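We have chain A; now place chains B and C onto it with these hints.
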Amino acid sequence: MYFWAAIIFWILAWLVNIWISHQKESRLLSLFPPVLFGVSIIFIWESCVVTFNVSPVILPPPSAIYVKFMSSIPILWEDFVQTAIKGALSGYLIGCVAAFIVSLIADKFNFLERGLLPIGNFLAAMPIIGIAPILVMWYGYGWQSKAAVVAVMVFFPILVNTVQGLKMSDQIHRDLMQTYNASYLQTMMKLRLSTAMPFIFNGLKICTTLALIGAIVAEFFGSPIRGMGFRISTEAPRFALDMVWAEITVAAMAGSLFYGGVVLLEKWITFWHPSQRGKT
Amino acid sequence: MPVTPMNNRKLIWSEGKVVPVVSIILFIVIIWYGFSVVLNAPWEYDKAKRSSITLSKVELISNTWSQKRPKLPTPHQVTKEIWDTTVNKKVTSKRSLVYHGLITFYETIYGFVFGTCLGILLAIGIVYNRATAMSVMPWIITSQTIPILAIAPMIVVALGSAGFSGLMPIAIISMYLSFFPVVVGMVKGLKSPDQLEIDQMKTWSASKFQVLHKLRAPRSMPYFFTSLKLGMAASLVGAIVGELPSGGGGGLGFRMLSGSTFGNTLHIWSGLFSAAILAGTLIAIIGVIQKIVLKRMSLEM
Amino acid sequence: MTQSNVISVSDLDLTFETNDGPVHALRNVNLEINKGDFVSFIGPSGCGKTTLLRVLADLDEPTGGIVTVNGVSPREARESRSYGYVFQAAGLYPWRTIAANVKLPLEIMGYTKTEQAERVKKVLDLVELSGFEKKFPWQLSGGMQQRVSIARALAFDADILFMDEPFGALDEIVRDHLNEQLLKLWDSTNKTICFVTHSIPEAVYLSTKIVVMSPRPGRIIDVIDSNLPSERPLEIRDSKEFIEISQRVREGLRAGHTDE
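Chains as they are written, first to last, in this note's numbering: chain A, 1 to 280; chain B, 281 to 581; chain C, 582 to 841.
Hint data in this document are derived by calculation from the structure and do not stem from the laboratory. Bear in mind that the values here come from a model prediction, so they are computed numbers and not experimental data. What you were told as hints is all true, and nothing was included just to trick you.
Think about it this way: if two alpha-carbon atoms lie no more than 25 angstroms apart in a straight line, the pair counts; the simulated SDA-like pairs of lysine to any residue are:
no. : chain 1 : residue 1 : chain 2 : residue 2
1   : A       : 205       : B       : 502
2   : B       : 494       : C       : 694
3   : B       : 509       : B       : 420
4   : B       : 468       : A       : 266
5   : A       : 24        : B       : 416
6   : A       : 267       : A       : 164
Same shape as in the complex, but just chain A (with noise of 0.2 angstroms):
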């Protein structure tokens, strides 16, 4: 019964998603369809695993998770706080300090560019994760481990789109620039920095998503009793799925809020760019 409403509610949020889509454009109904997904996928969820008598340690109901959720919310901040802020936060400060600098030595000098740029092409595919369990030999099983991770694992995407967006200023800006006589340093603050912003972002983008993934999978390789990646190691063999469903929402709340965060950052830096005034 409870099974046939949910996919009833489904089939109707989608005749109504395909009406919004014969409308014109609107801010306000743009908002429906994404939400009337979501919801008919929570609804459809939370009816198949009570009809199906789906056990919970394959896959809890929404309802069960809320519960959890709400009822743990003094462990999940302390995780949070843990892995977020002091793992993923300060490991991408860290990380994005150091791309920063090498960036901008490398485009000072022109040999270390040629060297570092493709060796940071292939660090940046690689599976960095792997030296996670490295770092938490070497510095132990606190967060300074996780911040290492972290820190490498952003330091190569930022490094190379780093670079890419400083070579990116167009020849007449430069040639202005040099009629002016200006001096490196002016002509970087002036123009370069400025003109490479887009790409720079591109990548503090990217690594939002790489920074909360580093911090929780090292936690995986060790950690003090805190810890949202500690919590769904010991959680998940325990088979206390709600609890590992209820850390999950709490990284994908922590990570749309720091990606967020950074692209409220882009729209303040790069009002300017197509990209920001909407055209697409």
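Positioned in the frame of chain A, the structure of chains B and C alone reads:
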């Protein structure tokens, strides 16, 4: 001060890449050996103190470079370990790196192929059906901000208790992870033809399928290969992380975890290097195919 | 010779809604075009000449008025492939050879392989590019690419040719040569051509009828029937009649300007 002519970007890039790369790699190797000494020294000193020996500089250096469980193994140690566990072991033995490498490889490839096919199908659906685009696309973009990789172990456990074990659950994780870059990239690619090209097709009254196959698909090729590379990398990472909770399955991730649990650092490093080699090879293969196809289509980007 | 109306425009209106209020791209446009005419649309930017062409080609929809092409609505005309359209840029696919590019509409419209090969050869001859079949677009100059684009528009059987500033991106010397070639083409194929330009000499040189337009709102200021002979060497541009017609066009443009 010589100003590098940046309009000769291509010139700077294409010539003289080998020398800088090689010299930086050499530099890294040298630094590495140095750090090996630094990081492995405490253990050496401890050992020497316990046997009341004083070590000379030379002895210290050569000892730190040949420890059995070094904090930082040297490149030659790692190479020897890789050699030992690949060439000198039977491929079917659980001690062989090739055995583990193959497990990870199969998980990666299965996941990658299914993830790519699904990704392309969904991308076509998104480009051609506005309702799908409006409901699903925001979720796809949001899911890129969610550390999905973190659930990998849990999915393996859950599927395991439902009776699915072995390669399959891990391949599912890989599929899920490679799916997203493919969808995002292909949507961008399929939408990349400019208004002029779309209008042209309209003046010939071409059918939707004709536009897809004669215009959108060729135009999406550069984006396709870029997403394939990202998808492959994501798939491999998914496979490795998915192996972590399996506790006995095998694969490079499992190898690194067991190395970490039992303090066998050489296992960790050789596993890591093998994963890097696997990733590098797979991506390089895609790169070669990319070069050939794009060259034939005159679409180098 | 019977004059038949190939294109008929009556009270055409096209208004866009923008953030800054409605924009009247076209208002109250009335026009009759006969079979075999070479009609140029000329005017400053924003006068609606390209928009008018696009309405005729069913690439934009009017907000008011009636348009018929070949006796049917623009949509039906487009669906029955009644016209060829040449855009401002050649728009050739870099992954197809020149021959394959010209074949593209033929493939879409379902011509047989033998027909395709015949037609490709025929039109490449017409634009004097035979021998370039196996080359790729990036191996050709801008002028040559545009000629391929024109050949492509001639490859299938359509009586009408719409051209939107096809030579705008080319230098004057190449342009002159292509103008001459276009006239020869028009003479031998007898198509009805609608040509958008912002060059007065080009409009006067090519056309049998010149439609002068002005902006805000987009409208027709003047329709000039050219009395120039159909044999037109380039030198005709120095003749008295040519200069008179050019003057009239210029006055029309000025009048549209001072209306604002």
